[in-house]
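Student: Counting with my numbering, you get residues 1 to 139 for the letters of the sequence shown.
Some hints here could point you the wrong way.
[As the list claims (entries may be wrong)] DMTMM-like cross-link-like pairs, simulated, lysine to aspartate or glutamate; straight-line CA separation at most 25 angstroms:
id	residue 1	residue 2
1	Lys-121	Glu-110
2	Lys-40	Glu-123
3	Lys-121	Glu-81
4	Lys-40	Glu-110
5	Lys-40	Asp-80
6	Lys-97	Asp-70
7	Lys-97	Glu-110
Think of the hints as simulated: they come from the structure by calculation, not from any bench. Since this is a predicted model, take the numbers as computed values, not measurements.
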Amino acid sequence: VVLSIGAEHAITCAAFHLSTWHGPLFGIQPPTPPVRVHIKDLSALHAAYMSFLSQGGLFVPTAARYQLGDHVMIVLSLLDEPETVTVTGRVVWITPKGAQGHRETGIGVEFSEQDATVSHKIENYLGGSLASSRQTHTL
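Starting from the given sequences, assemble the full structure and let the hints guide the process.
Tutor: So this is what it looks like as structure tokens:
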């Protein structure tokens with residue numbers, strides 16, 4: 001990727017190492033690789049789905065460092081579906097390593113408005129269990 005800055009300057013961005021990234025360069029965030037998530041059963045889907053968010057969302061177990069507001073792309077494999085679904089969203093929840101109650105380390109990603117169909121699909125799978133009092137990864 002070549003970013004042109006003025007007529008005489010160009011910056012070439014080859015690869016970013018997220019561990020050494022210290023913020024946007026001229027307001028441009030580096031591309032982050034998509035996060036792959038495979039949810040194998042309804043119990044895991046219930047624990048990961050964040051129905052309390054207006055667009056719906058998903059808890060993603062990860063040790064990678066994210067900040068609130070970071071944009072994330074998720075390649076999601078749901079149950080036995082043969083096709084993956086790609087969703088985008090932003091980080092709205094962070095469970096740090098060593099969190100109280102031995103909660104799993106990870107991030108909560110609120111889906112973008114364009115991915116409302118994924119929320120509907122998940123809610124159809126979960127049906128009545130959305131009202132369940134079973135513990136989830138977030139609340």
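Student: Would you list, in rising numerical order, the hints stated earlier that this structure does not obey?
Tutor: Structure breaks no hint.
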